[in-house]
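Asks: Residue numbers (our numbering), protein chains in the order written: chain X, 8 to 294; chain P, 8 to 294.
Derived from the structure by calculation, the hints contain no laboratory data.
Please note that a few of the clues may not be correct.
Since the list gives no way to pick out one identical chain from another, each pair is judged satisfied if it fits inside one copy or across any two copies.
For lysine-lysine, the following BS3-like pairs were computed, each having C-alpha atoms within a straight-line distance of at most 27 Å [what the hints assert, rightly or not]:
| no. | residue 1 | residue 2 |
| --- | --- | --- |
| 1 | Lys262 | Lys204 |
| 2 | Lys29 | Lys18 |
| 3 | Lys53 | Lys22 |
| 4 | Lys53 | Lys19 |
| 5 | Lys224 | Lys19 |
| 6 | Lys276 | Lys12 |
| 7 | Lys87 | Lys29 |
Here the structure is a predicted model, which is why all the values come from computation and not from measurement.
Residues per chain, in single letters:
Protein chains: 2
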Amino acid sequence: MEVVKTIAELKKIVKKVKQDGKTIGLVPTMGYLHEGHMALATEARKENDFVIMSFFVNPTQFGPNEDYESYPRDLERDKKIAESVGVDVIFAPSVEEMYPTDGGIRIHAGRQATILCGASRPGHFDGVLQVVTKLFHLAEPTRAYFGQKDAQQAAIISTLVRDFNFPLEIRTVPIVREEDGLAKSSRNVYLSPAERKEAPAIYRGLKRAKEEYLLSKNAEKTIQVAKDYILSNTSGRIDYIELLSYPDLQQVDEKTDQFVLAAAVFIGKTRLIDNIIFTKEGETENV
Amino acid sequence: MEVVKTIAELKKIVKKVKQDGKTIGLVPTMGYLHEGHMALATEARKENDFVIMSFFVNPTQFGPNEDYESYPRDLERDKKIAESVGVDVIFAPSVEEMYPTDGGIRIHAGRQATILCGASRPGHFDGVLQVVTKLFHLAEPTRAYFGQKDAQQAAIISTLVRDFNFPLEIRTVPIVREEDGLAKSSRNVYLSPAERKEAPAIYRGLKRAKEEYLLSKNAEKTIQVAKDYILSNTSGRIDYIELLSYPDLQQVDEKTDQFVLAAAVFIGKTRLIDNIIFTKEGETENV
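Make the full structure from the sequences, and use the hints.
Replies: Set out below in structure tokens:
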């Protein structure tokens, strides 16, 4: 496994790999890898000849009061994990390497970014689109891998690729769960033993609500089922529960054929997110 | 020469050409070709193995009161011209083919678009960046060709490619001029014989002003020289004359090493634009 820090080095490798007619899988991360990232890399390894994993804590997607400075970084630890899942090249550029110039051009994520988690993070998804556009142009992947856990991010990036004709495929990898159904997250360690015990009710509530929708096709009732279940079975406070079309993130109607049912719930002080993506036939798919 | 109207057909051709290891030159146009476009295609033909010319009157770069509907279109005439300069493939998609979906993501051109011709065309350069991003992703060119006549457009697209790491090179082709120095333009036919006779003073005024800047390094005085010359030698009205850094289009200072001196002048009712791009050593370059 090779570790490169400059764009020039990365481009040289990409050029060679493409000349050899090989496919490239890109796994963009902010580092500090957990099992979710490993699932992305494993999938990329299965589907491509060559796997590039990027580590870059992107300043443009953090708000002024967010944790850019304190975001955890540990490249030595990450290198070992990346190597263990078969990554070929790590791209770990500096901020100066990624943003040496600024002519003021910006990508605005639009209406998809104003809802769900985006409502409380203005500009966040603009920064995400800026950095993934740059990474897509630098790594020239055949496929790029994102986790379904951040369903809104995956949806907005899928829309970018579709509407701007990027020559690559977005692969959204299913949520990795604990045995009791709780979505894996670095934040689960913040939960007290009692909170940890009630947290899986979020996923169970979403599953019940999905069944409700398949029966009644009533979005309002569906959301109420999830809310009632989660509030009855946890001490939590609901930030949002939404049923939207996927990947457009619009209000659902009779023409919608793919759905995302997404929740953000505070269990104690810990904000947990989870979601289910499903088709109108009820199948939960790797989208 | 092949004419394709769908994205699927174009992508098939591009895939084959790239598999053969050939370079691709892309010449994006709105059709109704004139000598400026022919100069772009001739340059593309010289520098690349394969030349794609696109014809697409892009609705998203026209304002509500602009001439989108009446913009001249003549694909049969354009085909003959393109073939005569050695174009390999014409890509002429419909609006539905280019914009089948809209998730609301937009590219905003930023401060570079608020000056010069952009000041009177809000949103114009956002639409230009949207369509060139799509064309770059579809044609995957090694080099893309734009005319220096539209210096602001060339500057903003160069900035997009630089700041977002598009894997291609922007080539800006020098202005094609009449024997007396007037920049060639479809609009020159609107000039009366008397107006046509005075119009070359715009370019002579810009050349004098450039010499002034190389001597005095005084931007204000430079612009005044151009204004005085043009007002003394034509019956025209000046829309703007600006000296800016190129391609950033910022105020010039001692660190600026490349300049654009740009003018828009009404001669009678006809608005003519012209510019000179030069380095601090005074060389006029193909940038």
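Asks: Run every hint past the structure and note whether it holds.
Replies: To see whether the hints hold, each was checked on the structure:
no., hint, result
1, Lys262 x Lys204, "neither (39 Å within a copy, 62 Å between copies)"
2, Lys29 x Lys18, "both (15 Å within a copy, 18 Å between copies)"
3, Lys53 x Lys22, "both (22 Å within a copy, 23 Å between copies)"
4, Lys53 x Lys19, "both (24 Å within a copy, 26 Å between copies)"
5, Lys224 x Lys19, "neither (52 Å within a copy, 41 Å between copies)"
6, Lys276 x Lys12, "neither (37 Å within a copy, 56 Å between copies)"
7, Lys87 x Lys29, "within (25 Å within a copy, 39 Å between copies)"
Checked against the numbered hints listed earlier, the structure breaks hints 1, 5, 6; every other hint is satisfied.
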